[in-house]
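Got chain A sorted already, so can you dock chain B onto it with the hints?
Protein chains: 2
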Amino acid sequence: MKNKGLLIVLSGPSGAGKGTLCKELLNRENFWLSVSATTRTPRKGEVPGKSYYYLSKDEFKNRILNDDFLEYAEVYGNFYGTPKSSVIERLENGEDVILEIDIQGALKVKDNYPEGVFIFILPPSMEELKNRIIGRGSETAESLVTRFKAAYREINYVSKYNYAVINDTIDEAVIKIESIIAAERCRVDRIKDKILNSKEDLIHEQFND
Amino acid sequence: MKNKGLLIVLSGPSGAGKGTLCKELLNRENFWLSVSATTRTPRKGEVPGKSYYYLSKDEFKNRILNDDFLEYAEVYGNFYGTPKSSVIERLENGEDVILEIDIQGALKVKDNYPEGVFIFILPPSMEELKNRIIGRGSETAESLVTRFKAAYREINYVSKYNYAVINDTIDEAVIKIESIIAAERCRVDRIKDKILNSKEDLIHEQFND
Chain A
1 MKNKGLLIVL SGPSGAGKGT LCKELLNREN FWLSVSATTR TPRKGEVPGK
51 SYYYLSKDEF KNRILNDDFL EYAEVYGNFY GTPKSSVIER LENGEDVILE
101 IDIQGALKVK DNYPEGVFIF ILPPSMEELK NRIIGRGSET AESLVTRFKA
151 AYREINYVSK YNYAVINDTI DEAVIKIESI IAAERCRVDR IKDKILNSKE
201 DLIHEQFND
Chain B
1 MKNKGLLIVL SGPSGAGKGT LCKELLNREN FWLSVSATTR TPRKGEVPGK
51 SYYYLSKDEF KNRILNDDFL EYAEVYGNFY GTPKSSVIER LENGEDVILE
101 IDIQGALKVK DNYPEGVFIF ILPPSMEELK NRIIGRGSET AESLVTRFKA
151 AYREINYVSK YNYAVINDTI DEAVIKIESI IAAERCRVDR IKDKILNSKE
201 DLIHEQFND
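Protein sequences, first through last, are from chains A and B. Take 1 as the starting number for the first sequence in UniProt numbering and just add one per residue. Take 1 as the starting number for the second sequence in UniProt numbering and just add one per residue.
Same shape as in the complex, but just chain A:
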């Protein structure tokens, strides 16, 4: 009897650094990164099936009707979503799947797949978040305040998650995420049936020696 894989959802406010952590995790561990579907046109350099699955609006809407998204959203007239069937197939096959996603998306995934491991990535401090946003060099003073207020509100959603990891240094944060994954693999509610079944097998062997 094979254990199901884990669906690991990395999420948090923008600027917390979840993308960097996700990349580093994929370098170090054998996870399958869930690829989103979108109706927007491919940009230069993007690879179909790796950057995104590119679907027509009709295809996307059909999939919505077929309940084939763990979550989806419409942003500026285009749809974006996490295809359910490909994720579930990997999980059933015992592979761990990682999903890097914003907070709204993560909460929808949680409704559809509550047994996922929901990890909220926090900036080390609001000070550091400000520095990171400034470092991008693309923000006016006004949009800086707007983004702070958004981050401020968004951090309240931490209570909907299983774990919170402060992204202080990448290495320490990745080690914490790896520990969370190792611990989740030992959770009794995930492996109980396997233990009790293998016990039955083994005890019969013992007494029939």
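These are calculated hints, taken from the structure and not from any lab test. It cannot be assumed that every hint is accurate.
Said to hold, decoys possible - Here are a few chain B residues that sit away from chain A, every Cβ distance over 10 angstroms (derived from the structure):
1. Lys-23
2. Ala-37
3. Tyr-53
4. Glu-59
5. Leu-65
6. Tyr-80
7. Glu-142
What the hints assert, rightly or not - So, partial list: chain B residues that the calculated Cβ filter (under 7 angstroms) puts toward chain A:
8. Lys-176
9. Ala-183
10. Arg-187
Please read these numbers as outputs of a predicted model, since none were measured by experiment. Glycine included, each C-beta is placed from N, C-alpha and C at the ideal position.
Frame of chain A; chain B shown alone:
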């Protein structure tokens, strides 16, 4: 605001090797090992306050009446128990406390302190458990079967625990336990208040620059 320490409860059937794992963990990490109280007389080489706290039966019974045990049991006319106040004091002080205990004791601790981390140590297989029991050289064929049957029944209690760790090699099992502890320190239900409070502090700093 300080985080509370974790109460880590290592438990499982005898022969699973929880004692060895506990010793190795104490070598590697800065935990405080909970010391039991007993009414039996000290044996040669035992150190009061380290091996056990030695209490008279009256003292022990008074402590029972004062609800000062996380668990206690009477075995062959002597009492054994885990003093509550000393454990709680360490936890409140932010120290992690480790408790190595049999299954009946662990379940009582869980009733009194459900926020503990309950880890069930499993032998790698019933075959290996048999070898370990035989290795002790103190079992007759009859008592071997009795101990197997006990282990067989006891393994069903795994479902009352949070985690199960198979004690295959000591090093791997200890790494799993360390991962569990690291993950539990990131659990949102343990650190939520601290995150939300520090967010308030930090956001005020930011906007008053």
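Verification of the supplied hints:
Annotated as non-interface, Lys-23(B) keeps its C-beta farther than 10 angstroms from every C-beta of chain A; the closest such distance is 20 angstroms. No beta-carbon of chain A comes within 10 angstroms of the beta-carbon of Ala-37(B); the shortest separation is about 29 angstroms. The non-interface label for Tyr-53(B) is consistent with chain A: the shortest C-beta to C-beta separation is roughly 32 angstroms, beyond 10 angstroms. Against chain A, the non-interface label of Glu-59(B) holds: every CB pair exceeds 10 angstroms, the least being about 37 angstroms.
Interface exclusion of Leu-65(B) from chain A stands, the closest Cβ pair being 34 angstroms apart, more than 10 angstroms. A cut-off of 10 angstroms between C-beta atoms confirms that Tyr-80(B) is not in contact with chain A; the least separation is 26 angstroms. Distance to chain A confirms Glu-142(B) as a non-interface residue, since its nearest Cβ pair spans about 14 angstroms, more than 10 angstroms. Because the closest C-beta pair between Lys-176(B) and chain A is about 6 angstroms apart, less than 7 angstroms, the hint holds.
Given hint, Ala-183(B) at the interface with chain A, holds; its Cβ is 4 angstroms from that chain's nearest Cβ, closer than 7 angstroms. For Arg-187(B), the interface hint holds, since its Cβ comes within 7 angstroms of a Cβ in chain A; the closest pair sits about 6 angstroms apart.
Figure legend: structure checked against the earlier numbered hints; every hint is met.
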